[in-house]
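Letter by letter, the chains look like this.
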Amino acid sequence: MVRIKNRYVVVRIVPEKPTNILKIDDAVLAKSVLRNVKKYYGDYGLGTVEHGFRVKYCNERTKIAIMRCLHRSHRTLTSTLPLITMIGDVRAKFHTLYVGATIIHCNKFIINHQQRFLDEMVGQIASAKERKDFIKRVMEFDLEQ
Amino acid sequence: MEKTYPFYDLCIPYQKDEKALREIIKEAISLGYKTIAIEQVFDHSRRDATKRVPDIFPPPVTLKSLEDEFKNQLKILQRLTILYVDVSVAHAMTNSLNLKKYDLVAGQPKTDAALTHCCTTFAGDLVTFDTDGGVKLLVNRKAYQIGVKRGLFFEIKYGPAIRDSNVRKDMIKLAHNYCVRGKTKSIIFSSGATNPFELRGPYDVANLAYIFGLSEDQGKNAVNKACRQLFLRAQGRRIGKTFMFVRSTGPVVFSDSSDSDDADSEKAADDGSDENEEMGNFVDTNSPEPPSKKKKKLV
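Which chain is which? The protein sequence lines are E and L, in order.
In terms of our numbering, the first sequence opens at residue 1 and continues consecutively.
In terms of our numbering, the second sequence opens at residue 1 and continues consecutively.
There could be a bad hint or two in this list.
In silico SDA-like pairs for lysine to any residue, Cα to Cα no more than 25 Å straight-line [as the list claims (entries may be wrong)]: (1) E:Lys-38 to L:Arg-168; (2) E:Lys-108 to L:Lys-220; (3) L:Lys-149 to L:Met-244; (4) L:Lys-19 to L:Thr-194; (5) L:Lys-183 to E:Tyr-41; (6) L:Lys-110 to L:Asp-86; (7) E:Lys-39 to E:Thr-102; (8) E:Lys-39 to L:His-176; (9) E:Lys-5 to L:Asp-217; (10) E:Lys-31 to E:Asn-112; (11) L:Lys-183 to E:Arg-72; (12) L:Lys-169 to E:Tyr-44; (13) E:Lys-39 to L:Glu-198; (14) L:Lys-26 to L:Val-53; (15) L:Lys-26 to E:Leu-83; (16) L:Lys-220 to L:Val-252; (17) E:Lys-136 to E:Asp-25; (18) E:Lys-5 to E:Thr-102; (19) L:Lys-220 to E:Leu-83; (20) L:Lys-157 to E:Gly-42; (21) E:Lys-17 to L:Lys-26; (22) E:Lys-17 to L:Pro-13; (23) L:Lys-183 to L:Glu-198; (24) L:Lys-136 to L:Ser-165; (25) L:Lys-241 to L:Gln-229; (26) L:Lys-26 to E:Thr-62; (27) L:Lys-64 to L:Val-252; (28) L:Lys-142 to L:Lys-100; (29) E:Lys-17 to L:Leu-138; (30) L:Lys-136 to E:Tyr-40; (31) L:Lys-169 to E:Thr-85; (32) L:Lys-173 to L:Glu-198; (33) L:Lys-75 to L:Lys-100; (34) E:Lys-38 to L:Val-167.
Incomplete in silico selection of chain E near chain L, CB under 8 Å [to be verified]: (35) Asp-89; (36) Lys-93; (37) Lys-136.
To list a few chain E residues with every Cβ distance to chain L over 12 Å, as calculated [what the hints assert, rightly or not]: (38) Glu-16; (39) Asp-26; (40) Lys-38.
In short, the hints are calculated from the structure, not lab data.
Glycine is no exception: its CB is placed at the ideal position from the N, C-alpha and C atoms.
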């Protein structure tokens, strides 16, 4: 049996002006990444990346997203990410956190990463209820599995 | 040798506005950089030739407050970039004392002759290129090979390349020229970022290697190992051929006085200075040491 090799790229979206909630959904993210691939690599690049490309996950609070692409084209994708300065209509950049071969490992990485993020953020929230909500929202990633 | 930790970003232009500089440094920390260099530019060709000053190079700016603020998170180096057109700069460089205060010295040649000189006899550590005026100079194979053999490093700035499409083309041209001329050795990536938004994470920079024609390994080395080598080379240039040096760190504290003979000799060696010294087996090297660094043998 032939196994289709994928690469999962975990990125953090860093907007130019810090905001709490980012209004970017999967479709907008996918569209802007593919548009930039076309800009920098032309039709050939878009063709190789588009096949198998998908945004698997996008959290608007932690601003973390997972993108999947085929193993053949992942270098095209990862080298495009630093050149992007606009996502949708927000000025933002990508910060690549991790490139993994299975989504399980990406999950493990993200859970660790979000734990650290929580440690930073929870201190800033005063009321207990809000804090509970916040933790739930951030960690809802685990429930999806 | 002094410890530095990955990742490195060896070009952050100095700005008068300390607030803006602080923002950039904060962003660099959050992205995972541990060593950065603040760059000052000195234009040798534009100086006043009629005035005779003892040291034409400016002393490094004081970044004491920033250094103290980010003491445990980040190491800040000082770097001087010398723009020049002819070889007369070499004479000035040998006589300069201010130059030794910088951690890194980079050369930015403006003409072909200067570029050849830069690769073959320049007494700095790094060769960089003008990004604003377009890349008209491309290094030839022989000069490049000599530069690599001498341990020089060649810099590619990605910050301006992200900003502007023309600069991007130029930088790609430049990087591929290294690839064609000599299989891309001794390359480092640095940001040249003037605002926090232009900084990218170390892994992003390593990934950029793909468009610059480097392999994955070379790309990672360009933000990590090569920069460390560059730092070591620069240290070697400043203090001579050594593999260990002793530097004073604080006031003198004699904790052990059981061996009075030794203590006496130590005091004599200290010569009344108020500073304690980290001890180490100093292996000498028949090269002169700057006066501030004292050598001492461990008893």
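Tell me, in ascending order, the numbers of any earlier hints that this structure violates.
7, 10, 14, 16, 23, 28, 29, 35, 37, 38
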